[in-house]
Amino acid sequence: MPDSWKFVGAVLTAGLLFTSVHSHAGDGISYQQASLLAATCFACHGTDGRMAEGIDPLAGRSYQALRATLMAFRDDQIPNATVMNRIAAGYSEEEIDAIATYFSGLPAGRE
Amino acid sequence: MNRRKLLQLLGAGGALAAAGPLASGVVAARTRGRVVVIGGGFGGATTAKYLKRMAPGLQVTLVEPASQFYTCPFSNLYLGGMRDMQYIAHGYDELRNRYGVEVIHQLAEDVDAGSHSVRLAGGEELGYDRLVLSPGIDIDWDALEGYDEEVAQDIPHAWKAGEQTRILRQQLEAMEDGGTFILTAPENPFRCPPGPYERVAQIAHYFSRHKPRSKILVLDAKDGFSKQGLFMDGWNTIYGDMIEWVGRSDDGGIVRVDGRERAVETEFGEIHHADVLNVVPPQKAGFIADRAGVTDASGWVPVKPETFESREVDDIYVVGDATIAAPMPKSGFCANAQGRVVAAAIVASLEDREPLAPAWTNTCYSVLAPDYAVSVAGVYRLVDGEIAEVEGSGGLSPADADADFRRREVEYAIRWYNAIAMDAWGTTGLPRALS
Ligand SMILES: Cc1cc2nc3c(=O)[nH]c(=O)nc-3n(C[C@H](O)[C@H](O)[C@H](O)COP(=O)(O)OP(=O)(O)OC[C@H]3O[C@@H](n4cnc5c(N)ncnc54)[C@H](O)[C@@H]3O)c2cc1C
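Heads up: the protein sequence lines correspond to chains A and B, in order.
The first sequence begins at 1 in the numbering used here and counts up by one.
The second sequence begins at 1001 in the numbering used here and counts up by one.
Mixed in with the good hints, there may be bad ones.
Some chain B residues close to chain A (C-beta under 8 angstroms, calculated; not the full set) [said to hold, decoys possible]:
| hint | residue |
| --- | --- |
| 1 | F1268 |
| 2 | G1269 |
| 3 | F1333 |
| 4 | W1360 |
| 5 | G1395 |
| 6 | R1408 |
| 7 | E1409 |
| 8 | V1410 |
| 9 | Y1412 |
| 10 | R1415 |
| 11 | M1422 |
Which stretches of chain A does chain B cover? Using the computed rule of at least three CB atoms under 8 angstroms from a CB of chain B, they are [claimed, not checked]:
| hint | stretch |
| --- | --- |
| 12 | 61-72 |
| 13 | 96-102 |
What the hints contain is simulated information worked out from the structure, not anything from laboratory work.
This one's a predicted model, so the numbers in the text were calculated from it and none came from an experiment.
Each residue gets a CB set at the ideal place from its N, CA and C atoms; glycine is no exception.
Just chain B, with the same shape it has in the complex (with noise of 0.2 angstroms):
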């Protein structure tokens, strides 16, 4: 056989950087179709790079706004002091260049699902044979009364990372020593369970540098949180009692914000002012989930467990936050999970071949300090047609773990995140070193 040969045994030259383990080999390269993902995060840039691997021969879209993606992971670490802004960025070059993907920097505006088609902001039509959503989360603004966009540009949430997160640093960054800092947490389901936790333990963290009289209120809507005890340990050993949680049961449930006077209203009635402010707020699936008939009454999408092609329409599969997908939490480890497990599914179903049965992990490192990391983890299977986390796998963090061992999991933690970053985008967001 000479080299010709293989290369077309592999499915044509251009395919063969992208030909690995999820390569599903001559078959697939000879499968054609086009497929629309909507959203460059960790679901759908994840989606659209797999099926390019998969099925070198599909022609896949991707459709963006934004052609630099802030990962909340590790934005939390930027408002630590711990990391830049720079670094958790993320652009399309990789997709493009070495996938063939098309990106295209646009908002979707609508989804005809009867027509298969997909209409974006400049009025443009995308037809297609299957679409993904991976939009992320969108801020429920009628959730929470006195807390809208306009206010959220002073109070801020912090919720999608970017600008956002900007305004919350620069705030805290003007504060003066000995104020106070208070973060609303919302009740379930949410974006990144143990997000609100490690977020105050980072500005605690920077206080302790910069502010150390200063002093941080968590109000939750909830009695109980993603790692709580090891959490509250991890507090306690490294601030003191810096940080103060106080649950639903003890009046932590806001009814109202205050723009005018940056202060929050609890269920009881109590005012709560702070220096700087964030409140994270209820959410919902991004709105193209909506504009494509696939959300339920909660404002999530119900899934096919399996596939996670949409309950509600043929052909359109979801992927990430937007997804009713429990046990899995709303991590973007389990939206990349969840990304390859998609584009096998589409390849399958374009194929007229079974699905894979499908296989998913979780793990979500919360970095409290330099030296001190937890985590929890889930290893995911399909069992009797229903997610189910597998028995006697996943869970925490020991309890009894000592500084080295929480020292390991930042190690690990920073290295995860260049992985996932990588297999997404293609950059680790760091420089990286000429090998």
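Next up, chain A with everything else stripped away, as it sits in the complex (with noise of 0.2 angstroms):
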């Protein structure tokens, strides 16, 4: 399969994954405003919050523990960090729940 291929693939699979577990979450952010609350990582994380030379990737991780992690920097529960949870504290619930389940909807890999 053509690289651009499997990409297109990603693309829609990362659109209906994010329809579905949306609809489950039930707080009414639409997909765009979640890509716009999501595009607040990408000058640390990277565009698509996907990228090696800059902080952590995010693109392609669980949901689940997208959000367990994003939740627990918001309570500041997280030892040693130095700025997630000063970020973090910023957004809430509906909000990470929408952007947990925007980067895991897309494909994981690095730019």
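Build the complex from these two chains, which are given one at a time in their own frames, with help from the hints.
Shown next, in the form of structure tokens:
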């Protein structure tokens, strides 16, 4: 399978995955809105949360793990965090949910 | 569904690589229109890229005179000897080749908002449906007696990176051990509130290794500054008493620069002579904002907080340092964050939709030494139609952090630089290992 074809598949899957989990979350944050929220992470974690020389990549991680980690940062429960606690404190639980769903739906990989 | 259909669905093969989180899908692929972006710095490069990601059918033209952009972020690290100049330079190949942005290396000279057109220095006119201005700052040459463009060749501001930063570095290298370096810092608002204080730390780093008997004096037009406690602690811990800071109340405000004597005069008439003098002068929005009629009496641009469209002129959006966006600071981080929101707002307006709710973050890292950095963060939303910091979020690195914490913030500052530069220009600035 050519690479671009795999990529198309991944993007579509991402969209579908998003919609299904999203409706389950029932929070009314749209796909586009979630993407704009997630984009606030790009400056450190890389475009699409996917960059080798950035801070830890986010794309393609599991929804549960992302959500749990972000909530723990938000509650300042992660020892030794330098900045994520300060940042996560600015997002509501609903927003964190949407962001976790978003990144989990993107294909992992490097930019 | 076969591959060809899928490609059509995603909005044409060429745009495929660009389809990502901020691609708004099938509808946006059909969205047409011409957007001209003036300025290829943090705000402009980001806006141009995300416009194409969100709506590949748009015609996006970026106007920027320089073919290599030197970032102010990490230009202080160049002064301190922590980073080479070539590694803070970024070009426009990715915007051109991967995203299909038309890049024109010229200065935009004028904007005619009535006829929706931009005039380039070469005389050419570009029509637009939406215009984005991200021109950064201009030095306000009328604001400080004795400081003009000619004097700045010998007494650099180095507040736009590149040649100016090189001049400052050469002077520091030429200075004798035991000399005095003076930096004068302006009143608020100005580009990069922690910038002057990071700079003196970096220069102290250089002195401590090469000219340890030298002194640094900061003459400040303010009585307080960004991350002050963290900076003063850091200066003391790392550099002892090498750096002295004088605030406004102690006569730190300067009223005149003497180019011949390499000296400054303070409000109360004291003259300070320097071996190397760095004037960080008063600033205003880049001149093209004036030409477009979007600035107010302050010299900066008032914008509608939700979209960053000018409050004065329709269809002109403004990003970055040029805007009045407090409590967001004038940082590259904010310009990048604003660029994405503006791109989304423009696509929404072209599709006749309501804009999305904006969300911005900021983090300014300041690197005081190779193993010592501090940061300030902010998360911003719209509250009652105004930009506001989300309560309980953001703030400073802890005052009592240990050495390992400060060291890790250096590592993260470097990774942040890689990520944001990659996001805006598609290069980290450093040669990349082949993977
Ligand atoms: C010493 C220093 C350190 C800094 N460190 C940091 C940091 O660590 N982190 C951080 O987030 N920020 C930092 N900043 C701030 C950061 O540099 C700015 O906030 C950022 O560059 C603003 O982006 P911008 O797009 O508004 O302007 P710029 O990035 O300056 O881009 C403006 C561009 O517009 C072009 N332009 C201007 N007029 C025209 C015209 N008429 N026609 C065509 N092109 C035009 C210019 O050539 C320029 O390339 C620092 C600044 C300084 C001075």
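Hints and how they fare:
| no. | hint | in the structure |
| --- | --- | --- |
| 1 | F1268 | violated, 40 angstroms |
| 2 | G1269 | violated, 44 angstroms |
| 3 | F1333 | holds, 6 angstroms |
| 4 | W1360 | holds, 7 angstroms |
| 5 | G1395 | holds, 6 angstroms |
| 6 | R1408 | holds, 6 angstroms |
| 7 | E1409 | holds, 6 angstroms |
| 8 | V1410 | violated, 10 angstroms |
| 9 | Y1412 | holds, 6 angstroms |
| 10 | R1415 | holds, 5 angstroms |
| 11 | M1422 | holds, 6 angstroms |
| 12 | 61-72 | violated (count 0) |
| 13 | 96-102 | violated (count 1) |
Hints 1, 2, 8, 12, 13 from the list above are not met by this structure, while the remaining hints are.
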